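Taken in order, these protein sequences are the chains called A and B.
Be aware that the first sequence starts at 1, since it is given in my numbering, and climbs by one per residue.
Be aware that the second sequence starts at 117, since it is given in my numbering, and climbs by one per residue.
Among the clues, some could well be false.
To be verified - With a straight-line Cα cutoff of 25 Å, these simulated DSS-like cross-link-like pairs (lysine-lysine) come out: (1) Lys-70/A / Lys-212/B; (2) Lys-41/A / Lys-165/B; (3) Lys-71/A / Lys-212/B; (4) Lys-41/A / Lys-212/B; (5) Lys-41/A / Lys-140/B.
What the hints assert, rightly or not - Computed footprint of chain A on chain B, listed as stretches where at least three residues anywhere in the stretch have a Cβ under 8 Å from a Cβ of chain A: (6) 160–166; (7) 192–199; (8) 209–219.
Honestly, the hints are just simulated from the structure, not real lab data.
Quick caveat: nothing in here was measured; it's all calculated off a predicted structure.
The beta carbon of each residue, even a glycine, is placed where N, CA and C say it ideally should be.
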Amino acid sequence: GGIITQTPKFLIGQEGQKLTLKCQQNFNHDTMYWYRQDSGKGLRLIYYSITENDLQKGDLSEGYDASREKKSSFSLTVTSAQKNEMAVFLCASRSGLGGRYQDTQYFGPGTRLLVL
Amino acid sequence: AQSVTQPDARVTVSEGASLQLRCKYSYFGTPYLFWYVQYPRQGLQLLLKYYPGDPVVQGVNGFEAEFSKSNSSFHLRKASVHWSDWAVYFCAVSIKGGRALIFGTGTTVSVSP
Numbered sequence: 001g002g003i004i005t006q007t008p009k010f011l012i013g014q015e016g017q018k019l020t021l022k023c024q025q026n027f028n029h030d031t032m033y034w035y036r037q038d039s040g041k042g043l044r045l046i047y048y049s050i051t052e053n054d055l056q057k058g059d060l061s062e063g064y065d066a067s068r069e070k071k072s073s074f075s076l077t078v079t080s081a082q083k084n085e086m087a088v089f090l091c092a093s094r095s096g097l098g099g100r101y102q103d104t105q106y107f108g109p110g111t112r113l114l115v116l
Numbered sequence: 117a118q119s120v121t122q123p124d125a126r127v128t129v130s131e132g133a134s135l136q137l138r139c140k141y142s143y144f145g146t147p148y149l150f151w152y153v154q155y156p157r158q159g160l161q162l163l164l165k166y167y168p169g170d171p172v173v174q175g176v177n178g179f180e181a182e183f184s185k186s187n188s189s190f191h192l193r194k195a196s197v198h199w200s201d202w203a204v205y206f207c208a209v210s211i212k213g214g215r216a217l218i219f220g221t222g223t224t225v226s227v228s229p
């Protein structure tokens, strides 16, 4: 088995601030993901990475940067936090470089963001 | 466009009663479908997954789902609900050659005694 760790658990920021969220996995998975979860809107894909130093944009990438410097870690940066923004950011990982539809994504516990 | 619709935002069921959660998908080609569950303050966990074959898929904790191509549906069922099933349930379809998922908006299940 393995685990996905997300830091911090809670993040309170100011409007316009750059905020960084971190994700670590010890599954030795190739592919990692960042999702944003808003109440009533489900999960929306921000970025994913199929290997070290690779980045692929999801539907919600505007306003975010991502970095995959190591196979085990994937960082997400909110480039300019929006006032009153409140969301949960979920990191996930999956084995394989892609093309295997049945592979399972494993999720971390999330980082809860609040912007004052 | 590919999409997943979960028409019920919230469902309340009595403990011991049966449960059905609805999921409709829009996908060109053969879909690969998943149900995930999110317990309070946790990430998502896989309940079950479908890829072409038997339309009824068994999952963990007594859950099963049935795929219907004619109805574009993948409904989740459980015969007897337990209080520990109180959670949010997400349906998802695989896209980008299996590399990513599109999720529905989720259904919150509340269990009454």
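Against the structure, the hints:
1. Lys-70/A / Lys-212/B: Status holds; Cα separation ~23 Å.
2. Lys-41/A / Lys-165/B: With a Cα-Cα distance of about 22 Å, the restraint between Lys-41/A and Lys-165/B holds, given a limit of 25 Å.
3. Lys-71/A / Lys-212/B: Status holds; Cα separation ~21 Å.
4. Lys-41/A / Lys-212/B: Holds - the C-alpha atoms of Lys-212/B and Lys-41/A are around 21 Å apart, at most 25 Å.
5. Lys-41/A / Lys-140/B: The given pair, whose Cα atoms are some 16 Å apart, holds under the 25 Å limit.
6. 160–166: holds (count 4)
7. 192–199: violated (count 0)
8. 209–219: holds (count 9)
Checked against the numbered hints above, the structure violates only hint 7.
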